[in-house]
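There are 2 protein chains.
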Amino acid sequence: MPIVVQKFGGTSVANAEKIKRAAQRAINAFKEGNQVVVVASARGKQTDELVADALELNSNPPKREMDMLLSTGEQQTVSLMAMALDSMGHKAISFTGTQIRMMTDGAHSKARIISIDADRIHEKLDSDHIVIVAGFQGMDDHDDITTLGRGGSDTSAVALAAALNAKVCEIYTDVDGIYTTDPRLYKKAAKMDQISYDEMLELASLGAGVMHSRAVEFGKKYEVNIHVRSSLTNDPGTLITEEVPKMEGILVSGATIQKELAKITLVSIDNTPGNAAKVFSHIAKAHVSVNDIIQVEINAEKANLSFTLAKSDLIDAKKAIEEIKEEVHCESVFVRDDIAEVSVVGVGMRSHCGVADTMFHALSEAKVNIDSITTSEIRISCIVDKDHGEKALIAVCDAFELDKPIDKRSN
Amino acid sequence: MPIVVQKFGGTSVANAEKIKRAAQRAINAFKEGNQVVVVASARGKQTDELVADALELNSNPPKREMDMLLSTGEQQTVSLMAMALDSMGHKAISFTGTQIRMMTDGAHSKARIISIDADRIHEKLDSDHIVIVAGFQGMDDHDDITTLGRGGSDTSAVALAAALNAKVCEIYTDVDGIYTTDPRLYKKAAKMDQISYDEMLELASLGAGVMHSRAVEFGKKYEVNIHVRSSLTNDPGTLITEEVPKMEGILVSGATIQKELAKITLVSIDNTPGNAAKVFSHIAKAHVSVNDIIQVEINAEKANLSFTLAKSDLIDAKKAIEEIKEEVHCESVFVRDDIAEVSVVGVGMRSHCGVADTMFHALSEAKVNIDSITTSEIRISCIVDKDHGEKALIAVCDAFELDKPIDKRSN
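Taken in order, these protein sequences are the chains called Z and S. Count the first sequence with the numbering used here and you get residues 910 to 1320, in order. Count the second sequence with the numbering used here and you get residues 910 to 1320, in order.
It is worth saying that the hints were derived from the structure and are not from the lab. Just so it is clear, the structure is predicted and the values come from calculations on it, not from any experiment. Incorrect hints may have been included.
As the list claims (entries may be wrong) - Computed footprint of chain Z on chain S, listed as stretches where at least three residues anywhere in the stretch have a Cβ under 8 Å from a Cβ of chain Z:
id, segment
1, 973 to 981
2, 984 to 998
Stated by the list, open to error - Straight line, CA to CA, 20 Å or less: simulated PhoX-like cross-link-like pairs of lysine-lysine:
id, chain 1, residue 1, chain 2, residue 2
3, S, Lys1000, Z, Lys972
4, Z, Lys1033, S, Lys929
5, Z, Lys1100, Z, Lys1220
6, S, Lys929, S, Lys1100
7, Z, Lys972, S, Lys1300
8, S, Lys1096, S, Lys1300
9, S, Lys1033, Z, Lys972
10, Z, Lys1000, S, Lys972
11, S, Lys1096, Z, Lys929
Unchecked claim - Between beta-carbon pairs, the in silico distance windows are:
id, chain 1, residue 1, chain 2, residue 2, range
12, S, Glu1032, Z, Lys1187, 54 to 60 Å
13, Z, Val1244, S, Glu926, 50 to 56 Å
14, S, Glu958, Z, Arg1259, 52 to 58 Å
15, Z, Arg1259, S, Asp1050, 53 to 59 Å
We put the CB at the ideal spot given by N, CA and C, even for glycine.
I would like the entire structure built from these sequences, with the hints used as guidance.
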């Protein structure tokens, strides 16, 4: 029998009524002839409340204990969901991460999944149970409880779908799918029927915020069909999947903006092999993660080295740069924290030119100055003044017709 | 190094301030040269809240899922306690019942402890950690989470003290020890310095309410010194231990009253071997637990059979009796739900007479009519009209000088 994994986020299980609604969805999928595994997050704002309880006792709580604490939120939801299913006349059983041997490494608060013991789940599915698994949590090889970090329940669900060879992993959320861009910033944004893993990864890491990139990476690695859809309606949402033929003609799938960004430039460093590596390995030691790197040669001996990073990492990064700047003969350091990055993403870019041209033209028409440009195989990003960010996004969306579903566009 | 187990109930860990106070107690015991294991209950009214959440979804929640839900309360407390200890500069680690292999049978909501893996606890104690264990919970051999029922955290603590061969198991509570009787009913009640397991068992099962009888049974079986004391002061409380010589002269240690009691009499049943067994095995099948049994012969063929039971079981019991009454040729059934049972308890009764006499005399002086009397080796109970219950208790307490500590009494 085909297996469906359904994941419900915190807002979709926030109270008894919503838990029942989620349970009803699971029953519907079961009645359609599927075996059903539900993955649930902590209810509503519960994780936030537990974090507040912890901080009241310890401003820097040990991560192992924090995982121990936070994992209770999901455990409560899954047992309540099993009770709801039981009262609706359906066999159900809940499991913690420990109980299904969701083995992870020992990196508390951001653990990575290593393996899952699917046997106990299959056994219960085969005896007509709906199986409910606590998202976000696993255990390491010391029997300690771990958590998977932000968006962890999505990752749990996709990992389970992979381990169970599920036909689809449905992610129920409070939006009805993935949009070409953030509808709060571009009201005309269109919902996408499907999107490739690679595009979604660019969108997720650029701040689209609907799904965490680790879950998408997992989906890509194990070829899990991920269906992002609304918990409030029965309408189909957006399918995240391999590239499909009809997508090939499309140059740009979506656009994003990142606002909480900073940029550091090391002016006139020695342009010798290994110098950039020195800078970035030193920054990595400070646990600062770098977004994009731009190096521009000034002459044969000297270059300007810039990189973007989350604004929240700026203090740590500046400190690290101060420590290394003499070693790489940097003349001065220039920091901007008043920038935004506008990006367009699309697998079609791989085999087409003209996207950059369209984007620059649109920004120029909108009188937006471009600070710098970075590209990947399926993405073009422009750094602009923060004050011009939203204007820039709208201009780019209009230029690429992101107000229309993919099959209605002229490009 | 000696090991001390400290158990903190829900009211003693209800908020951040109280958790810190409990943590400080653990640190103090550590600084006095002990290895320290803390057992904690769920915070404040949290268990009640979780039960309410469950009942909102299912009026008769599956017990396995209820255990899964309720066990989160203790898990939250222990992780928060570990964070508190960490912030106070002390090494600490929390464990769930699962993590220390607190193995139980599979009787969800009232599981019995089978074994504990003390190795992981010893390992952490030996590296100077204060170890914090979630009370009330265990796991069965299906890896399912179980709970130990009412008073379960006391049982967890005493069982751990036994498994670790601790010198004492300290039960911190909101009263400062065990009293000769309920101070709310007899204002002059005196605190006892010590009491034997057997006496405490009679007092606990008769409704003294300070400690659950299963914890005391465990303590008796493994000879654990149990120290019931206040979480608000440093004064010593009451030590529950083996009989000690100085207690031998004392006839009566304490007195109790049970008000939520009913009594059923089967009038004139056949007085043949096995007839009473038939009645009580049928009642047991209805999950009604019987307190005391009184059988009185009417003649060679007939007897009256009475038993007392919790008033909450009365409906089930009456139904069971209706089913069996013809089989045992019972003439009629007589039910009283307006009774109270007043008892005196004391190991000294074993080798002394005169206690019953003193008790009956006191009740007679107080003009309390005695419905019936039952005794055990260390207890005498009188069933009286409920309206006379408190008056009877006070008369008995005065007669046995229960307003004085044991060594100040004249008897």
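Q. Going through the earlier hints one by one, which of them does the structure break, listed in rising order?
A. Violated hints: 4, 5, 6, 7, 11, 12, 13; rest satisfied.
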